[in-house]
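Peer 1: Here is how the chains run, residue by residue.
Number of protein chains: 4
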Amino acid sequence: MKNGTTHLFVPGPTNIPDAVRRAMNVSMQDMRAPDYPELTLPLFADLKKVFKTETGTVFIYPGSGTGAWEAAISNTLNRGDRVLMSRFGQFSHLWVDMAQRLGLEVDCIDVEWGEGVPVEEYQRRLGDDRQGRIKAVFATHNETATGVTSDVAGVRKALDAAGHPALLFVDGVSSIGSIDFRMDEWGVDLAVTGSQKGLMLPAGLGILSVSEKALEAHKQSRMERCYFSFEDMKASSTTGFFPYTPPTQLLHGLRASLDLIFSEGLDNIIARHHRLAEGVRHGVHAWGLRLCAKEEKWWSNTVSAIVVPDDIDARHVIANGYSRYRTSFGAGLSKVAGRVFRIGHLGDLNEVMCLAALASAEMSLRDAGAKVEAGSGVAAAQEWYRAEIAGNLQPLQVQAA
Amino acid sequence: MKNGTTHLFVPGPTNIPDAVRRAMNVSMQDMRAPDYPELTLPLFADLKKVFKTETGTVFIYPGSGTGAWEAAISNTLNRGDRVLMSRFGQFSHLWVDMAQRLGLEVDCIDVEWGEGVPVEEYQRRLGDDRQGRIKAVFATHNETATGVTSDVAGVRKALDAAGHPALLFVDGVSSIGSIDFRMDEWGVDLAVTGSQKGLMLPAGLGILSVSEKALEAHKQSRMERCYFSFEDMKASSTTGFFPYTPPTQLLHGLRASLDLIFSEGLDNIIARHHRLAEGVRHGVHAWGLRLCAKEEKWWSNTVSAIVVPDDIDARHVIANGYSRYRTSFGAGLSKVAGRVFRIGHLGDLNEVMCLAALASAEMSLRDAGAKVEAGSGVAAAQEWYRAEIAGNLQPLQVQAA
Amino acid sequence: MKNGTTHLFVPGPTNIPDAVRRAMNVSMQDMRAPDYPELTLPLFADLKKVFKTETGTVFIYPGSGTGAWEAAISNTLNRGDRVLMSRFGQFSHLWVDMAQRLGLEVDCIDVEWGEGVPVEEYQRRLGDDRQGRIKAVFATHNETATGVTSDVAGVRKALDAAGHPALLFVDGVSSIGSIDFRMDEWGVDLAVTGSQKGLMLPAGLGILSVSEKALEAHKQSRMERCYFSFEDMKASSTTGFFPYTPPTQLLHGLRASLDLIFSEGLDNIIARHHRLAEGVRHGVHAWGLRLCAKEEKWWSNTVSAIVVPDDIDARHVIANGYSRYRTSFGAGLSKVAGRVFRIGHLGDLNEVMCLAALASAEMSLRDAGAKVEAGSGVAAAQEWYRAEIAGNLQPLQVQAA
Amino acid sequence: MKNGTTHLFVPGPTNIPDAVRRAMNVSMQDMRAPDYPELTLPLFADLKKVFKTETGTVFIYPGSGTGAWEAAISNTLNRGDRVLMSRFGQFSHLWVDMAQRLGLEVDCIDVEWGEGVPVEEYQRRLGDDRQGRIKAVFATHNETATGVTSDVAGVRKALDAAGHPALLFVDGVSSIGSIDFRMDEWGVDLAVTGSQKGLMLPAGLGILSVSEKALEAHKQSRMERCYFSFEDMKASSTTGFFPYTPPTQLLHGLRASLDLIFSEGLDNIIARHHRLAEGVRHGVHAWGLRLCAKEEKWWSNTVSAIVVPDDIDARHVIANGYSRYRTSFGAGLSKVAGRVFRIGHLGDLNEVMCLAALASAEMSLRDAGAKVEAGSGVAAAQEWYRAEIAGNLQPLQVQAA
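In order, the protein sequence lines correspond to chains A, B, C and D. The first sequence begins at 1 in the UniProt record's numbering and counts up by one. The second sequence begins at 1 in the UniProt record's numbering and counts up by one. The third sequence begins at 1 in the UniProt record's numbering and counts up by one. The fourth sequence begins at 1 in the UniProt record's numbering and counts up by one.
Treat the hints with caution; some may be incorrect.
It does not matter which identical chain is meant; a pair holds if it fits inside one copy or across any two.
[What the hints assert, rightly or not] BS3-like cross-link-like pairs, simulated, lysine-lysine; straight-line CA separation at most 25 Å:
| no. | residue 1 | residue 2 |
| --- | --- | --- |
| 1 | Lys219 | Lys2 |
| 2 | Lys48 | Lys297 |
| 3 | Lys52 | Lys213 |
| 4 | Lys2 | Lys52 |
| 5 | Lys48 | Lys335 |
| 6 | Lys297 | Lys157 |
| 7 | Lys48 | Lys2 |
| 8 | Lys2 | Lys234 |
| 9 | Lys49 | Lys371 |
| 10 | Lys335 | Lys135 |
| 11 | Lys49 | Lys2 |
| 12 | Lys234 | Lys213 |
| 13 | Lys213 | Lys297 |
What the hints contain is simulated information worked out from the structure, not anything from laboratory work.
Make the full structure from the sequences, and use the hints.
Peer 2: Written out as structure tokens, the structure reads:
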């Protein structure tokens, strides 16, 4: 039986706001009509605000964030180029894997899962690279598998300290639009995101913002590419027309999503993600459990990976949530399979939804045999939310009887 | 800021399932096309199952439950007819008011709010009515204002015990489809419901099921009527065509809603409403509060009216819920304004949604100064739901990593 | 097989614009929330613009136009009141029938179907009514069954010429929002419409605008009423709350519909209806057929009732349209059944849609044996539309290749 | 002003059926839930029926048909491989361009635009290729730019006649699902399509069906690839899970689309496309114009590219259609820009819609100065459709009055 709302707490795809769903429900239209750019051109301009860039160029690919990863690499590097990467979760792992398959020579630093980009080690290796063999430095801003947010500003400082000219690639798929990200200020050259996280859309768009420096590097890039090539796609942000049929429906959704984002305010959204995440973390700690993210500085505001007690299989927690309580939690992936379950808390979300997630997780944990106290996590989060909201009070309105 | 789901816990209109919303999103169609009855005729047949009647005739009015009340009265009674009614909440009050305004002579029994139809008193008065002056007996099956469910089967027994031929009118707006209701078995003559409660649709349909006996009485009824007249509308359930433009969109929604109802099973739905309501009641009692419904026999499975502590204004609880936590609770109406707030728990609902309601209510109560313990209601309900669901276990499925 | 668009050319319900469909696809909400009036209050204000009234009060009933008819009568008149009506089509017939059933004494003038309100005869009878026995005068502005538009301004003149104080009731269901209608200027006291015609919504709202004079008359009205009573509903236009659950979904649709109307401009819409209708009439005349509306002054801009050749059954034309060409035409009703078929041309419509209607009608006529030339009606309408549009040219834009 | 339906007659994206739009309007869901494959696995199985293959493996990429082209090449060939292609329109041109950019050595036969794949020349070159240097033969089944359908069965015969082992690649983007295509019977190794044509969905899916022979070739392919790699994606058709977030919304739409296709019957759809296209061609010839497709054997049933008179600029025709008549026609691309305009007639379409296209085109042509007779094309098409439909008659049904 499937009554009521499904409680979706995976860290993407995220809940789609009603306004966005409505906006996507359109009849089809001619993507070569003279007024088509009235839809598309403002999207490019507005996405730049989300990336916090003024000088970047935005590419919108029909595809996924993975496609945008590939676009970033194949358009600016060459086979055999040396790149500096670090691996501390399933998604940073997959990016390393892609770089290798596309023919890069990856200098990969393995870090314990639960930590993030090793900024000091980056700085050391960049400093050692006197001949400038490293063409690019990669940073996974938010590792979705472990709930770890890395210090991208720190990576920029490491590059600057070493006076190193490498391009800076950032995977912002599960951060951009939810966690503070500043493309220009941090000197990011290629910033990748997707539609299905902070942008609150279905999957289907891989979005890339490219710095002027990266566009220069593109001129030297000789990798084979076609679907993802900048050459074909670059004009889209100035003409509003696409080289192949664009997913018009998603573009209408993107319009609605950006409208919601600017209406709430990007910085307010970032603050809200912190507030909501903090409530979840209060709950986790009230259970007596800990996050996979080892230190507070790594805590992610979009996803919490929660380590279950040693005698519990996290897969049972997740299965209980899904089959008993209509709740989808994220699984532990690869190395942490069975050891963690994840609560995604990003996108179109509010306090009571987070309490529902905690309430459902408590039952799922208890059903799996974990010794967490019923209601304890909910209570801790409630008190946090009450205090936060009370600090921001609107005058009371009394309802009509 | 309006992020995430609005948590709707008023006792109607209820949450609309996605499948129903989708079904209503249709282009317009010709309501006189030869295949139009393929949509409409099965609706009449299927609604009979929801009323649990085989011999009744169903009328679907563009309007509301209030309109169906009026249809019931104006088609089967005459001005000056004496009717037996009871009043113990805002909706039974309004029905009495309508009967009076339509020219009936109402023998009205006022009962304390928190109790239901006074079956024994009904039986006494019916027994006293040797001349059969009482033409109809009215029962509000579920008084939405106080969360009180009455004993309709008992009213039938009272009629039978008195050997009285009066028609039995039942307001089932907030019970039918959610709480056990048996038109034929209980000898109900006019059963009223609306689209926006257990049928999980927007408001817009007043639905009436009429017994053969009531159709006989109709022949003697001389009240002016037109829009709601049986004469014009009666053919619709056999031809599938309507005397004026029907709300086709809602009829498509009704199709989807009935499909959901039969897919889950009406009796399973009734059991689910009990299970969900019981969880809410566990929560209320864990807070140390009590229901407006005075005894367990009156407890409603579709709405709980919760009495706040004496020093608290329930309007503040409701205002907190709405403005701080995006949660809509029902207000106390009329006599109980300020003394109760209501949690509607009917329609398309599941356990975690009820926990969200309790979590939100706890915060709203505490913000209003009530001394309820954070997490206490949630914990009590969680344990009830866990036990109930565990008793019904499906084999576990482990999610893909 | 049901491929592609169904071509809906009945005179209501009309095609729903995509923007309106989207707007109705909402999750349910609390109709007693403090911000609910933000949705509802502007609707009342904006509907007044559609009625072209500044002093009228608007009532929105969950129901249909028929319900609004009943509301108009039962709230302002009394049983036994004499009223002046005329009958020249199925809908004016039904209104007479309602008036009689609600207990009025109807002075009914039967006019040949194909003509409209007999203004001179009205003036004569009003002049003869020295004692002021006539309490109200009724006019069907646009008789949907015959495609006849009457002269409401003329009825006002007749009343004024006779110095008669009777209320003026106007059925504007298939005119308001599409054909010029001026409540205040014409001194209309009760103007009725529904959601499913010019307002481009599904059926489900009966809308009534009431003059100050009619509100005065209301104070003397003693008819039984409840669902449709002004007493309960009157506050809605000032508080934004409804006495029973309003059809929130339709209200959101109404918001979108009004936005479209004001965006196009009401007078532009009226001009467009003339332009589109005129094209259809050019087509009809090119076929060598004639309209049911006997003279040009009666021609309706929302629906054309077309008289088929004597040896043809119009029902076959309609059946051909529906079963062969996925096109819904309106049937001839009652007296003109089999003699006319109707093309509705109102609401969300453009030139090419009208050409599609004509093309489909030509085939349906020819299949039924009518000797109309293939393409002839289309050609005549094309030339009209080309000339009309060319007179209104925008500079050409060339599409991207 | 934008009233009424936009008439979309570009050859893709095509009109989306209401049922498909509804199906896509879903809340988001967990793509790693244990029951997710209940949605996805049947899609793979059912797409095989659309490709008419039993042994093929289907890949569904978030992307476009262009992406599926790239997937086909980069997974089965190697840089420097020689391939045989032909070029006779913008889309076959772009495929050649892609092959070159991905590093293939293209043996390209240029054919006059208006003709199709030169089967005899293919056979000659294959016969000459004694060393088997040609690794693959490419055929654009339906060249959307010129409205030319090629003889894929003939290409197979050419391969067989030459006894040549090359892989056969077919671009079926604008044919599959609308024009007869038989993967297994014709020995096609890589068949490419997209969501936005015969599948009646928005753009966003690139779909590829791969023969067993092509999967063998894949093992020898060493091109860099990641996003489009078979390695990562191959498991999806057996597990139902995707390597990266799938566009769940479109997958729901695909489910609805496939249901519609099988409900109508694929062969019935192919016949309908022929019937509708033939009507359009009757219209074109009645205008005294000719198709870009030089001979009847090349005529496409999904798109007609119509050559305008020498003294007319086709861009004006298209601009007239769009700005005056809310109609989107396809532009002439590249070599035929200004010389042709295109009417797409594929997907969710019926006879009266095609008549609307012709009516609109007639006006647009006349406004541009072309000497075509008003109504002439419509009349010719009407007579064709009438005869075709009459041959298929259902017993008449008469509508309710």
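Peer 1: With reference to the structure, classify each hint as holding or not holding.
Peer 2: Outcome of the hint check:
In this assembly of identical chains, the alpha carbons of Lys219 and Lys2 never lie at most 25 Å apart, being 54 Å within a copy and 44 Å across copies at closest. Taking identical chains as interchangeable, the C-alpha atoms of Lys48 and Lys297 are never at most 25 Å apart, the minima being 27 Å within one chain and 50 Å between chains. Taking CA atoms no more than 25 Å apart as the test, Lys52 paired with Lys213 passes inside one copy only; the shortest distance there is 16 Å, against 49 Å between copies. Taking the shortest alpha-carbon separations for Lys2 and Lys52, only the inter-copy value of 23 Å comes in at or below 25 Å, while the best intra-copy value is 41 Å.
In this homomeric assembly, Lys48 and Lys335 never come within 25 Å of each other (Cα to Cα): the closest approach is 36 Å inside a single copy and 36 Å across copies. Taking the closest pair of Cα atoms, Lys297 and Lys157 come within 25 Å of each other only inside a single copy of the chain (17 Å); across copies the shortest separation is 66 Å, beyond that limit. Within a single copy, Lys48 and Lys2 get their C-alpha atoms only as close as 40 Å, which misses the 25 Å cut-off; across copies the closest is 24 Å, which meets it. Neither within a single protomer nor between protomers do Lys2 and Lys234 lie at most 25 Å apart by alpha-carbon distance, with minima of 45 Å and 31 Å respectively.
Within a single copy, Lys49 and Lys371 get their C-alpha atoms no closer than 46 Å, and across copies no closer than 46 Å, so neither meets the 25 Å cut-off. Taking CA atoms no more than 25 Å apart as the test, Lys335 paired with Lys135 passes in neither setting, with 30 Å inside one copy and 42 Å between copies. Taking CA atoms no more than 25 Å apart as the test, Lys49 paired with Lys2 passes between copies only; the shortest distance there is 21 Å, against 40 Å inside one copy. In this homomeric assembly, Lys234 and Lys213 come within 25 Å of each other (Cα to Cα) only inside a single copy, at 15 Å, whereas the closest approach across copies is 37 Å.
Proximity of Lys213 to Lys297 under the C-alpha cut-off of 25 Å is found in neither arrangement, the shortest distances being 30 Å within a copy and 53 Å between copies.
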